[in-house]
Amino acid sequence: MDMKRVLIFLLILFAPMRAAADEQLPFPDTFNRFEGIFLQQDDKGNIWTSYTDMDGYFHMKNVSLKKDFVINDKSGRASTGFTVNRNGDALYIAWIDKTGGRKKLYFRAVAGSGDTISDPVLLDDNQTEALPRIRIGSNSGGNVYVLWYGERAVGKAKYHNYVAVSNDNGMTFSSPQNLTMGYGYAIYPTLLVDEENAYIFSYVLKDKKFYMIFRKTTDNGKTWTDPVVIKETPGTVTTYIKPLKTGNRLYVFWYCTTKQGPVTQKAFSDDGGKTWNSSDYDDLKGISLSYMTAASDAQGHMYFAYSGGTMGQKSNTYIIISKDQGNTWSKPISLRHYPFTTTTTVYPQIIASDDGTVAAVWVDYRNIRSNIYLQYSLDGGETWQPGDIPLEEPGRYNTSYFGYASENFIKTGDTYSILAYRLPADDLSMGEAKLLVMKFSIKTAR
Amino acid sequence: MASKTKSLSDDMGSPQKIALLRERATEFWTAFVKEDYEKIFNMQDPFFRAKKDIHAYISTLGRIKYHKFEIKDIKVEGNIAKVEMSLVYSVPSYKFKKVSFTVPETEQEIETTWIYVYDNWYKEWRSEMVESGAAEY
Chain A
33 MDMKRVLIFL LILFAPMRAA ADEQLPFPDT FNRFEGIFLQ QDDKGNIWTS
83 YTDMDGYFHM KNVSLKKDFV INDKSGRAST GFTVNRNGDA LYIAWIDKTG
133 GRKKLYFRAV AGSGDTISDP VLLDDNQTEA LPRIRIGSNS GGNVYVLWYG
183 ERAVGKAKYH NYVAVSNDNG MTFSSPQNLT MGYGYAIYPT LLVDEENAYI
233 FSYVLKDKKF YMIFRKTTDN GKTWTDPVVI KETPGTVTTY IKPLKTGNRL
283 YVFWYCTTKQ GPVTQKAFSD DGGKTWNSSD YDDLKGISLS YMTAASDAQG
333 HMYFAYSGGT MGQKSNTYII ISKDQGNTWS KPISLRHYPF TTTTTVYPQI
383 IASDDGTVAA VWVDYRNIRS NIYLQYSLDG GETWQPGDIP LEEPGRYNTS
433 YFGYASENFI KTGDTYSILA YRLPADDLSM GEAKLLVMKF SIKTAR
Chain B
79 MASKTKSLSD DMGSPQKIAL LRERATEFWT AFVKEDYEKI FNMQDPFFRA
129 KKDIHAYIST LGRIKYHKFE IKDIKVEGNI AKVEMSLVYS VPSYKFKKVS
179 FTVPETEQEI ETTWIYVYDN WYKEWRSEMV ESGAAEY
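Protein chains in written order, with the numbering used here: chain A, 33 to 478; chain B, 79 to 215.
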């Protein structure tokens, strides 16, 4: 037998488990699958899902208590760019209303399992001409940071990153502050917040050169450090900028296209962002990424997952692992255990736990219809399961999720939950879809 | 005769799955020879059928007549297969803007793509104009 047949035999031998996930379909109505979806659990144990319906209304649903809040009940289709952040028992929501030619950035908070919902707080009344790519970060000190980019020109430079900060759990906010003054073209606002500080990473243009720059606040948003150039980027950075903190080390990943081909870069700082050590992923030179994400655990393991491939190839999903806080990295390892390269995989999501368990899910087209698949490791990515585990009956439905604007994979206790959607038919051009929550545990998936 | 009792989506390419495809491909091209265009539509992939009206599709068929076919080879990789075959076709005389066309019986080797979608093999519909299909995988 040749190697390919041996591999096929082994894959059949280790045929994956079926329907490892319990499914909940708590949403009878269709939703707009081209907007972000969010899945959170608050510290009271309530599961929250958030989505935009077909009339443009953004819903926060407490699935546990069957409560539904419409966040933009006065604006509907005029709203865009919804994002959600959780802190304790509070959920923070920001969005833009475009009415009468003005772009208004709003914020609301839902707290106490939904017992209280704040009135909308207007963060910016067209002052920055806010655009939909909003980030929220928060900590238990009551600090809430809302970061966005606005298209209003400042001098000759268009597109800047702005922040508004609250120190009272989102009841009141500071005026917008431009964090990319002196630069331009800062179109990918990127925010990281921990219990002490907040950090922003901005891809910016200055004097016809592009840079990745860094700023932080150590006084709850009152002042920000001067910009530090992490690196001059060799080409055009895309929407994929992923920051992470592991121990005291700040880490950031980004992907850019250059005249010589795509490059994925990374940088870390051990002195709070004063100096940066940057490098390329050599194994990813020439690889076009369709998605990327990263995670870490308390043991200093880091995991960088991406979907992509070279020109003309179908996109596959890989993981790269570091056991030393990102000093050194493994070669790319295919998360997908499938012998053929004729179908696509996209949107890997990973959760790393401190006991060395790594769970990865992705959207897989091996069954022509898209299905959600699972792989996991119990030893920090050293070994993986011999077969991928479908979380549903293979090929029966078109199940997917929109990776870019979503946060839809969480772990609570031993249970993993992923918010996905199913299309009502095989006409893939339709925007309407139905949400579902798929739950599984590694124990039951074995 | 091959029979299908459960989904073969997980099947990487067993003799049973190949036999089922041979049966389906034979059925499909026999329908072309017999000009059973409704059957041909129903054997196209479900992504195409979800978008295309059957009557609109059938109205595009019939200009080319198929007389014989032979399946030469089948290569299955999971849920995607390439079927190599020869077929004999002709185009009876017809006029298009004062220009007359006709093609005598001609033998041609072709390769077609079939996809297994949950319950069976389906012929993947592809637009020759834009070189893309309705299924996205």
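Hints are computed from structural coordinates only; laboratory data are not their basis.
Positions of the beta carbon are idealized from the N, C-alpha and C atoms, including for glycine.
Mixed in with the good hints there might be a few duds.
If you want the footprint, here are the derived chain A segments under chain B, 3+ residues with CB under 8 Å [claimed, not checked]: (1) 117 to 126; (2) 365 to 378; (3) 391 to 400.
What hints, given by number in increasing order, does this structure fail?
Going through the list in order, the structure violates hint 1 alone and respects the others.
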